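The lines below spell out each chain.
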Amino acid sequence: MPVIHDIESGGGAPALEAKHVSVHYGSKVAVSDVSLVVPANQVVALIGPSGCGKSTLLRCFNRMNDLVGGARVEGAVEFRGKNLYDPDVDPVEVRRRIGMVFQKPNPFPKSIYENTAFGPRINGFRGDMDERVETSLRQAALWDEVHDRLGDSAYALSGGQQQRLCIARTLAVKPEIVLMDEPASALDPIATQRIEELIYELKKDYTIVIVTHNMQQAARISDYTAFLYMGELIEYGPTETIFTNPREQRTEDYVTGRFG
Amino acid sequence: MSSPGTDDLSFKRARNVKEQVIGSFLFLSAAVSTLVTVGIVAVLFTETVAFFRAVSPVDFFTGTEWTPLFQNPRFGVLPLLSGSFLVAAGAAVVAIPLGLLSAIFLSEYSGPRLRGVLKPLLEILAGIPTVVYGYFALTFITPLLRTVLPETDVFNAASAALVVGIMIVPTVSSLSDDALRAVPKALRQGAYGLGATKFEVSTRVVVPAALSGILASFILGISRAIGETMAVTIAAGNMPNLTLNGLESIQTMTAYIVQASLGDTPHGSIGYQTLFAVGMTLFVITLAMNVLSQWVMARFREEYQ
Amino acid sequence: MSGSASPLGGTPSANDRRRRLFGSIFAITCGAATLVGVLALVVLLADVLRDGLPRFDWALLTNFASRFPERAGVKAALAGSIWILGLTALFAFPVSVAAAIYLEEYAPRNRWTRLIQLNIANLAGVPSIVYGMLGLAVFVRALGFDRSIIAGALTLSILILPVIIIASQEAVRAVPDSIRQAAYGLGATRWQVVSSQVLPMAMPGILTGTILALSRAVGETAPLIMVGAVGFIAFTPTGLGDPFTVLPLQIYNWISRPQADFQQIAAAGILVLLSLLMAMNAAAILLRNRYQKDR
Ligand SMILES: Nc1ncnc2c1ncn2[C@@H]1O[C@H](COP(=O)(O)OP(=O)(O)OP(=O)(O)O)[C@@H](O)[C@H]1O
Ligand SMILES: [Mg+2]
Chain Y
1 MPVIHDIESG GGAPALEAKH VSVHYGSKVA VSDVSLVVPA NQVVALIGPS
51 GCGKSTLLRC FNRMNDLVGG ARVEGAVEFR GKNLYDPDVD PVEVRRRIGM
101 VFQKPNPFPK SIYENTAFGP RINGFRGDMD ERVETSLRQA ALWDEVHDRL
151 GDSAYALSGG QQQRLCIART LAVKPEIVLM DEPASALDPI ATQRIEELIY
201 ELKKDYTIVI VTHNMQQAAR ISDYTAFLYM GELIEYGPTE TIFTNPREQR
251 TEDYVTGRFG
Chain R
1 MSSPGTDDLS FKRARNVKEQ VIGSFLFLSA AVSTLVTVGI VAVLFTETVA
51 FFRAVSPVDF FTGTEWTPLF QNPRFGVLPL LSGSFLVAAG AAVVAIPLGL
101 LSAIFLSEYS GPRLRGVLKP LLEILAGIPT VVYGYFALTF ITPLLRTVLP
151 ETDVFNAASA ALVVGIMIVP TVSSLSDDAL RAVPKALRQG AYGLGATKFE
201 VSTRVVVPAA LSGILASFIL GISRAIGETM AVTIAAGNMP NLTLNGLESI
251 QTMTAYIVQA SLGDTPHGSI GYQTLFAVGM TLFVITLAMN VLSQWVMARF
301 REEYQ
Chain P
1 MSGSASPLGG TPSANDRRRR LFGSIFAITC GAATLVGVLA LVVLLADVLR
51 DGLPRFDWAL LTNFASRFPE RAGVKAALAG SIWILGLTAL FAFPVSVAAA
101 IYLEEYAPRN RWTRLIQLNI ANLAGVPSIV YGMLGLAVFV RALGFDRSII
151 AGALTLSILI LPVIIIASQE AVRAVPDSIR QAAYGLGATR WQVVSSQVLP
201 MAMPGILTGT ILALSRAVGE TAPLIMVGAV GFIAFTPTGL GDPFTVLPLQ
251 IYNWISRPQA DFQQIAAAGI LVLLSLLMAM NAAAILLRNR YQKDR
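Residue numbers (our numbering), protein chains in the order written: chain Y, 1 to 260; chain R, 1 to 305; chain P, 1 to 295.
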C-alpha cells in the first residue's frame, strides 16, 4: 500500500483522479494499481528511477497510450466526474482538454505561426487567430523573441525556444490540464530555468502534471510529488514532505540520491 | 470552442462519421491489392481448368512438342520450359558473378563518392525498357556472336541470355549490396583486429555473414529472368525447341504468350486457353521463387536480432 | 603472420606478399565487374545513338506510322504513351497512397495486415505479362472495354500499384513519430494527423516513388500487347475508348520488321522513349533535391 499524505484539493473538485490504474505492455506490467488525486491549479511532479513507469502513467491521463502498440490500460481516470476510459468518451476530445508536452521538442516542419495555430485550426476555432497565436506565445514567454519572425521555420529556433513553442502550441488549444514529460531534459540550464519560471506562471490558469528526473527541479516547481518505483506508487504527498520528511525508506533513498 | 462540461468528452458524432468514412476508403484501397491477387489466380485458374479439360496434364507437362496453333496441335510445354530455363541459366551465369562482385566493390571497396556515381549508373540499367534491350541484343550482341561463332542462328538463346543477364545485374548487385552493408561494422573491425586483410575480411567474414541476403538476390534475379518478356521475344526467336544449345533459336513461355496474343486467338478457343495455361505455369514458378527468396531473406534478418 | 620478433616495416614474408597480391587481384576483379555493367550501359546507348540519331528529328515526332520507313514517325505512339502515363497516374496514385496510409497509419498490427503486406511484396514480383493476362480477361473481355486506352491504363495501374505502395510506405514510415505524437497531443483526429502532418512530410518521397513507377509503366510493352494495343495506328487518340499504341510497342513493331531502314527508325523511336524517361527521372531527382534542401 502506498503512503498517501494529505492532498489539499483547495476546496474545489480535483482536476484529475486516477483510480487503480494499471498498464500492461503485453505480459509486462509497467504501472500497477496506481491511485492518486491531482488537485486543480497545482503542479504535480512524478519522480522515480528510469523505467519505473512515469511516462506510461502520464500518458494514461490523456489516453496517449491508445496510440502505443500493445499497451493495455485498466482502472479509471476521472476528469470532471467522467471516466476517460468510458466507452462513449472520444480520446480526441480528451487530448484537446488535456494537452501534452513531450520530452524532446517536436515542432512541426512549419512556421512558428503555423505551429501555434495548428491546434485551434484543427479544432475548428473561428475567432481571431492572430490574437490566439500571440496570447499563446506570450503565455509561453516566447513572444518577445519571435514576434518579428513568426513566418520563420520553427526549426530555426534554439532547442529551448522550440520547447517553449511546443508549450505555446499546447496552450493555444486552451486545455485545462497540461501534461509534461521531462520537458526540460533536452535543454541547457538557462533554457531549463525559463521553462521552470514558465511552469510557475502557468499554474495560475492550468493544472500541470510533470515528469522529471531532476530532484531539484521537482522540489522547486511542484506542489505535490509522487514517487514511483517499478510501476508502483510508493509515496505521494506535498512536495515539501516528500523531500524533507518522507515516510518510506525507498523514497528517502531516492530523493537523497542514494539510488536511481 | 465548447465550454467545459462533462458530456463534451463524448463522441463527436459528425467528426466520427467523417473519420470512419475516410478509414473505410483507406481500407478498401489496401484491399484492392488483395483483389488483384485473387483476380490473377482466378483468371489463370479458370482458363487453365478449361484447358485441361481438352488436354491432359500429363501430355502438357511431359510432351516434347509445342505446336498449339498447327492443324495437328501438340501441347507439350517442355520446349517452352527448357527455353525459359536456358535463357535464365545463361543470364544467371552473367549476372551472378557480375552482380555479386559489383556489390562487394560498392560496399567494401568504393568510398562514398565513387559509390554515389556507380550505384545510380547501375540503377539506370534497371530502368531501361526491355524492348530497348531486345533491340540491343538483335542489332549488337547477335551480330557480334555470329562473327565469333558463325553457326549461330539469327535468333538465339545466347544473345537473349546475355542481354537479360545485363538487365538483372542491378537486381543482384543492389540487393546483395544491401545485405553486405547490413553486416555490422563490429564484425569487420573484429576481423581487422586479428590482422586480416581487406580481401580476407570481405570474403571470409562479410560475404558469409550476408550469405542469405545474397542468395535471396540470386533467386530474385533468376525469377526476373524467367518472367522477362520483350528482350527474349525479340532476340531468342519463336521456335519451340527442346535443346540445350544456346546458339539455336528457341521460344520461352513469355515469348509464346506474346506471339499467341499478337495473332488471332478468339475467346474460348483452345489457343486462347493455352495462353493462360502457360501463364499459370509461369506464375507458379516465379511466385515459388519469390517466396523462396523472401524466406531466405527472413532467415538472414533473424541472424542479427 | 609475421613472427613477433621481426620489426615492423621490414621486408614482408612470402606469405604476406601473397596475401597482398590476392587482395589486389580481388579488388581489381570487383572493380572490373562493376565497370562491365557501366560499360554495357555505354555500349547500349552508343549503339542506339549511332543507329537512331540520323532519324531523330522533328519529322519523327510529327509523322504517323507508315509502311514507308522514310515517312514513319512516332506521333501516335508518343501521344498514346502520354495518355497512358496520365491515366495510369490518375488511377494508380490515389489508390496506392491510400493503401500505404492504411497500412502504415491505420491497420492493426495483426495477421491480416501482415498477409496484405506479404501479398503486396509478392505482387511486386509477378512478371508483367501476367498482369497483361489479367487485363485481357477482366478489362478487355469481362468489362467489355475492348482494345482501348482505358483497358491499357487500368492494366498498367494495377501493375505499378505495389511499386507505389511500397515506396509510399517507406516515405510515410520516415516521418518521425514525435510529429504524430505532437499532433495527437493537441487533440487531432487520426485523419487530421495524417492529412496535416504526415502526408505533407511524406509527399516528396511518395511523388519520387510514383514517378519512378510511372517510368516503368511507360517502358512496358508485353502487358499492352496482351490487352490488344496495336503497333500500327495512324491517328492520335481522342478518348478513353479509342484504340492506341505506345512508344515501346511501336518500337517493337519496327524492330520485328526485317528492313534495315525500320531498324533505324526503331532506334530513333528508342531515343524518343529514353528522352521521355530521362525527363521523368530528372523530375524525380529535382523533387528529391528540393526536398532535401528544405529540411
Ligand atoms: N511501447 C512499449 N512496449 C513495451 N514496453 C514498454 C513500452 N513503453 C514502455 N515500456 C516499458 O514499461 C516500463 C515503463 O516505461 P516508461 O517509459 O513509462 O518509464 P519511465 O519511468 O518514463 O522511464 P524514463 O525515466 O527512462 O523515461 C519500462 O520497463 C519500459 O521498458
Ligand atoms: Mg519516460
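Hints are supplied without guarantee of correctness; some may be wrong.
[To be verified] Straight-line Cα separation of at most 16 angstroms, EDC-like style, residue types lysine to aspartate or glutamate; simulated pairs:
1. K18/R to D90/Y
2. K110/Y to D152/Y
3. K119/R to E200/R
4. K204/Y to D223/Y
5. K174/Y to E134/Y
6. K198/R to D177/P
7. K104/Y to D177/P
8. K174/Y to E131/Y
9. K185/R to E200/R
[Unchecked claim] To be clear about the criterion: a stretch of chain P counts as covered by chain R if any three or more of its residues have a C-beta under 8 angstroms from a C-beta of chain R, and this derived list gives those stretches:
10. 46 to 57
11. 65 to 73
12. 166 to 176
13. 271 to 277
Derived by calculation from the structure, the hints in this document are not laboratory data.
Fair warning: this is a prediction, and the values are worked out from it, not measured in the lab.
Backbone N, C-alpha and C define an ideal beta-carbon position, used for all residues, glycine too.
Practice item. Starting from K18/R, check that the Cα of D90/Y is at most 16 angstroms away, please. Key: The hint holds at about 14 angstroms.
**Study point:** chain R over the segment 65 to 73 of chain P, status - at least 3 residues with CB closer than 8 angstroms
**Key:** violated (count 0)
Exercise for review: With a cut-off of 16 angstroms on the C-alpha distance, tell me whether K110/Y and D152/Y pass.
Suggested key: Given pair K110/Y, D152/Y holds - Cα atoms ~8 angstroms apart, limit 16 angstroms.
Exercise for review: Verify the proposed pairing of K204/Y with D223/Y, using a straight-line Cα cut of 16 angstroms.
Suggested key: Holds, at about 13 angstroms.
Check your understanding: Given the hint that K198/R pairs with D177/P, does the C-alpha gap stay at or below 16 angstroms?
Key -> Distance of about 39 angstroms is beyond 16 angstroms: violated.
Review point. Taking 16 angstroms as the top limit, are the C-alpha atoms of K174/Y and E131/Y close enough?
Key: holds, 13 angstroms
Exercise for review: Go check the segment 166 to 176 of chain P versus chain R for me, would you? Three or more residues, Cβ under 8 angstroms, otherwise it fails.
Suggested key: With 0 residues in contact (Cβ-Cβ under 8 angstroms with chain R), the coverage given for the segment 166 to 176 of chain P is violated.
Exercise for review: Mind checking the alpha carbons of K185/R and E200/R for me, to see if they're no more than 16 angstroms apart?
Suggested key: holds, 15 angstroms
Practice item. Given the hint that K119/R pairs with E200/R, test it: the Cα-Cα distance must not exceed 16 angstroms. Key: The hint is violated at about 24 angstroms.
Review point. Has the segment 271 to 277 of chain P got at least three residues whose CB is nearer than 8 angstroms to a CB belonging to chain R?
Key: Holds, because 3 residues of the segment 271 to 277 of chain P bring their Cβ atoms closer than 8 angstroms to Cβ atoms of chain R.
**Study point:** Restraint check for K174/Y with E134/Y, where alpha carbons must lie at most 16 angstroms apart
**Key:** OK: K174/Y and E134/Y at ~13 angstroms, within 16 angstroms.
Check your understanding: the segment 46 to 57 of chain P covered by chain R? Criterion: 3 or more residues, Cβ-Cβ distance below 8 angstroms.
Key -> Since three or more residues must qualify, the claim that chain R covers the segment 46 to 57 of chain P holds, with 3 doing so at under 8 angstroms.
Hints 3, 6, 11, 12 from the earlier list are contradicted by this structure; the remaining hints agree with it.
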